[in-house]
Each structure stands twice: as C-alpha cells, then as structure tokens.
Amino acid sequence: MRKSLVVLSGAILLSLIVTVIPLATGCTPKAAVEEKYVTHLNLADLTGPTAAVHVPVDKGASAYLKGLNEKGGIDGVKVKYIVVDTRYDTARTVAAYQRYRTEHKVLFVQAPSTAGVKALAPFLQEDKGVGYGPPDGELQAFPGRYFLMGPSYQDGFAALLDWIVADWKAKGKTGMPKVGHMGWDNPYGREPLRGGKEYAEKLGLTLLPPEFFPAGSLKHDVYLTRLANAGANYIHVGGVDQTPTNVIRDAQALGLTKSIQFAADFWGPSEAFGVKAYPEALEGTVIYSYYLRGEEARNHPLGKLWVEYGYGSPADMPDPFVLGITQALGFEAGVRRALQDVGYEKLDGEAMFQAMQKLTGMDINKGLTGSCAWAEGERRASRFVKLYQIKSGKVVPITDWAKAPDAVALYKW
Amino acid sequence: MNRLSLRKAIVITSLIMLAAIVLQGIACAPKAPPPLPPAPPAGTIAVEPPKIDYAKVEEMFNLFVTVRKLPPAAAAAMPPCVGILALPITFTGEGWPADSWVFIELVVLPGVEIPGLEPGADSVGIAMGKTDSEGRLEALMETTAKLNFLLRGAWTPYFTPDLTKADPLPAGTYTIKAFGTDRRTVTTITWELGLVPPAK
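Chains as they are written, first to last, in our numbering: chain A, 253 to 665; chain B, 3 to 202.
In short, the hints are calculated from the structure, not lab data. Glycine included, C-beta positions come from ideal geometry on N, C-alpha and C. Hints may be right or wrong, so weigh each one.
Lysine-lysine pairs mimicking BS3-like chemistry, simulated, CA-CA at most 25 Å apart [unchecked claim]:
{"id": "1", "chain 1": "A", "residue 1": "288", "chain 2": "A", "residue 2": "423"}
{"id": "2", "chain 1": "B", "residue 1": "167", "chain 2": "A", "residue 2": "471"}
{"id": "3", "chain 1": "B", "residue 1": "167", "chain 2": "A", "residue 2": "380"}
{"id": "4", "chain 1": "A", "residue 1": "421", "chain 2": "A", "residue 2": "454"}
{"id": "5", "chain 1": "A", "residue 1": "370", "chain 2": "B", "residue 2": "132"}
{"id": "6", "chain 1": "A", "residue 1": "471", "chain 2": "B", "residue 2": "71"}
Just the calculated beta-carbon pair ranges, DEER-fashion [stated by the list, open to error]:
{"id": "7", "chain 1": "B", "residue 1": "9", "chain 2": "A", "residue 2": "356", "range": "52 to 58 Å"}
{"id": "8", "chain 1": "A", "residue 1": "595", "chain 2": "B", "residue 2": "120", "range": "29 to 35 Å"}
{"id": "9", "chain 1": "B", "residue 1": "109", "chain 2": "A", "residue 2": "394", "range": "33 to 39 Å"}
{"id": "10", "chain 1": "A", "residue 1": "595", "chain 2": "B", "residue 2": "190", "range": "40 to 46 Å"}
{"id": "11", "chain 1": "A", "residue 1": "470", "chain 2": "B", "residue 2": "109", "range": "33 to 39 Å"}
{"id": "12", "chain 1": "A", "residue 1": "356", "chain 2": "B", "residue 2": "21", "range": "35 to 41 Å"}
{"id": "13", "chain 1": "A", "residue 1": "597", "chain 2": "B", "residue 2": "138", "range": "55 to 61 Å"}
Kindly produce the complete structure, drawing on both the sequences and the hints.
Have a look at this one:
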C-alpha cells in the first residue's frame, strides 16, 4: 500500500515536471545564444582597372573593422565584412549584390564605380538598403539611398577654382587666369564640369574647352599642347593615379610645368605611387582632397593601422588607405545610431538609412575628413576639402579644411 | 486504495504524461516559415552567337587589328582570342515579367578559375538587362565582362587592359543561367566557346 502511494506520487510529480518546466521556460530550450551581427558588403575592384585605389581602401576598411570586432563590435554587435572582387564590371557588381543581398542584416553596400552605383540604385530602393559610393554629383542632385563618400567632384573642382583665383591675386597678377581641364573620356572625367563650369563663370574665370582622352592613354602631348596654345595658366588633371602623374610627366617633358600650374583631384598622386615615380615632374602640383594625405595621413592614429596590420612600412601607405577607414567609420556611426534608435531586433536597411541622415555635423571620421554632412536631402559625406602641394617629393598641406562651394546646385540637371 | 485501483492510477498517470509530452512536442516544435509565394515564371534565353569557334575569333582579331590600327609589333604581342572584343555578344529572351531585370551568369567549368570569383561561387555575372513592357529581353555583353571573365585579362595601373596577358577560358560547352530578381526564376542554356586553338 505504502509502496503504491510512493509510485503514484512519483509518477504524478514526474508528469508535473515534464508538463510545467517547458511551459515555464516558454518552450525555449535553445542550444546557444545567437551572436548579434550585421553585414557590410564591399563590391570592390581588387584586380581590375581601379584596383590601385580599391585595394588600399579595402585594406583600410578591413583593418578597422577587424579591430572593431576584436573590441566587441558596435555596442555588442559584430560586423561581417564581405568583399567581392567585381573587377569594375557593372553586370558582375549587380550579380554579386543579388547573390549577397539576402545575407543577415545587410546594412551597407559599397559600389566600385559611378556606373555600378547607378545600376544598383533600383535594387537598393526596392530592398530599402543603403549604398555608399563615388562622389558623383548626380547622386546629390537626386538624393536616393546612396551616400557619397565625400563632397562631389564638382564641389572639389570649385574649391580648386577658389584657390586659383586667390593664388593668381597673391602673385600680383591682374585680370583673371585661364583654366584648362583634362580628364578621361567618360562620365567621371566630365563630372567636375557639371556645375564646375557654372562656378568658373560665376568667378569670372575663363574655362578653356576641355580635353578628354581615352582612359589608358600613355602619352598626352596633343591635349597638353592644345591647352597650352590656348593660353592656359592653370590645368586641372582628372584621373586615378597614375594617370595624372603621367599627364604631368608629359607636361614637364614639354616644358609646360615652368609656366603652367598643374592640379589634380581627389584621386591625384600619392607619395607611394605617382610621387615616388616622378617626384621632379610633380613638384609644385596642387591636389585637392577631402581626406588627409601624405604625412598627415600616416601620422594620424588610424593611419598607423597600415603598419599595425603588417601591410608595409609607413612610406608604402597609399593615401586611399585612410579612405577605407572612413568607409568603415561611416558604417560604424550609422549602425551605432540605428541601434540607439530601434535596437538590434528591428535594425534593418531602413533604420540604417534613417540613422545615416542623423549624423550631421559629427566628427564621425575622427579628423580624417571634415565633419559629416549627411542629412535629409544631403548625400555628401562632407562639404570640406583641403589643398595639398607636392614639395620635395612630399604631399604637404597648404590650406586647412575649408567648405567647398556647392557646385552641384549650379548645374541644370 | 486496492491493488487494481493503483494499477489504474498508474495507467492514467502514464497516459497523462504521454499526452503532455506529445502536446509539448507539438507546441514547442520549431515553427515552419510561411510558404514563399510562387516564383514568377522564367522566360526564355538565347545567346548570339550560340557557338564561338576559334576560326571566328581569329577572323574578329584581324578586324580588331585593322580597326584599332595596331602596329604589327603590338598585334603580334596579343593572342588572337582578343578578337572576342570585336564580336558583339547579345542575350535575348521573352516571356519574362514585364519591366523587370534579368541577370545573365556564366557557370564556371569544374577546375577553371576566374579572377575575382569568390571561393565556393560557381558562376559569374556577365550581363544584365531590363525587359520591356512585353517581357522581352535584350542584353549586350559589355567589353569589361568579356575582358574580365572570358579572357581573364589583366589590367595596367593606367585604367587600361593589358591585352598581351589574356588567358582565355578553356574550350568547352558552358552553361548560361538567366535569373530574374527572384533567383528561383531561372532558366539555362548552353554556350560553346572555343577561344583557344583546337587541340590537334
């Protein structure tokens, strides 16, 4: 009798345990807590025509994000950094996006080219994603889901024009100088003039008929001679290093660097590439930039990641390395703000898009660029540029950060 | 409590336990995701030319040299497969959703490496196009795609291809996949490529 009661009581107790415990724990016998992470997709060009810029950019982003993850991520959220080598190919860029768009919380898509950005735009719109790419003015004129990595090309060119006027006057010259523009015969090559031309007119400068040459030209004598014969006092050379280096090398061979001041854009000569190859030809060349360059970049605490991650000696650091760091910093700032706004569970492309527009005025790039300009209706990462000059084989600053004119607004889109 | 009632109690209790376990199994089972809506139907795809043989590549190379006015020494430094750059390659199709994007990918043969292709990926995007209001597609294969993926070419630091270093895909029958924006919408065809001299 007593034994039976014990058996019965035990059976009832066991049934209670089996019934109640899972209910109390909400049916959640999960094996392990899932790691919180977000995805940063970099559709880079690592072996194609613009690899000279994209490889150091990738190294900068990769180094910074690795360090960020080692410190626990962004408020406990780790970053999965996916890099795809698109070789500057638009179809490959979009195909790669299609392949990776369903990865976990893809919050940021870096595209390698203006054409790639424009091809991806409808997909990002549909997916409510966030893009990041080259500073093409059209993306500011028609703000969508793409954020520019700096001020636009035309804004930078306009800042150079301001400097040209000041330089001309400082030299005691009267009237206004004549300015020539040379660039690749493609949309990027023409972009500075879409608003830059109007800004030159506003300043009263004479902008000579531009000279466009095929990307990959090895000699530029014909174009240079035409501009020189037209009376150019200043020549602005577009193109990714080493194109501007080669153009100015040819100008020196023609004897033009003695009488004409040459200048290059955001992708102009770097100490590690063009300047190293032709220091004498490039002496005196002015470069406008929205990110620190030369020794300023190498001496910045984040520039030192180049050496810390074993990429080489400080002298080998191409300037675009710090551009990659700013890419990662922009991403980090956006995610951090989005986490504050909506929390991890609701963190998606739309939350990131909204958050990116709330970083206005912040020093998200820790001094590597001017303050952040992203805002509602504003897609330029920063409005500030700095001018550098090549002196004795070094890229040295000749101005502080200055707000670039809004040349995008001057163009009739 | 007599012996019979005890046995009854044990049986009843066991049944309750069993029922509890089964019910929990049902309640706590991972919920299946809601079924996806059916994928839009895939259209057709065709490539022109459907077969590229080495004789055609050589013929196009001669045209390429003439049009580009290449000096004999420069032409001699290039492999004839570069002629593919002068050959228009077009993908056409119909029956796709209207006003939608179609992506063309080349499936890589086993053991063949393509620069830029990430580990584990078995196909590479080579063209894309948007259908018209009738669901018809026409997409051109761009020069960069030919250079990067058919010729596996190298680039100079001057934004220009180094045509002397073309390393064309091995000859063979390749599969072309055409996807809609929903990757379940897919159709395939084969494409014969002979960018290298035929084996003797």
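To see whether the hints hold, each was checked on the structure:
no., hint, result
1, 288(A) x 423(A), "violated (59 Å)"
2, 167(B) x 471(A), "holds (22 Å)"
3, 167(B) x 380(A), "violated (41 Å)"
4, 421(A) x 454(A), "holds (17 Å)"
5, 370(A) x 132(B), "holds (14 Å)"
6, 471(A) x 71(B), "holds (17 Å)"
7, 9(B) x 356(A): 52 to 58 Å, "holds (55 Å)"
8, 595(A) x 120(B): 29 to 35 Å, "holds (32 Å)"
9, 109(B) x 394(A): 33 to 39 Å, "holds (37 Å)"
10, 595(A) x 190(B): 40 to 46 Å, "holds (43 Å)"
11, 470(A) x 109(B): 33 to 39 Å, "holds (37 Å)"
12, 356(A) x 21(B): 35 to 41 Å, "holds (39 Å)"
13, 597(A) x 138(B): 55 to 61 Å, "violated (43 Å)"
The structure is inconsistent with the numbered hints 1, 3, 13, although it conforms to all the rest.
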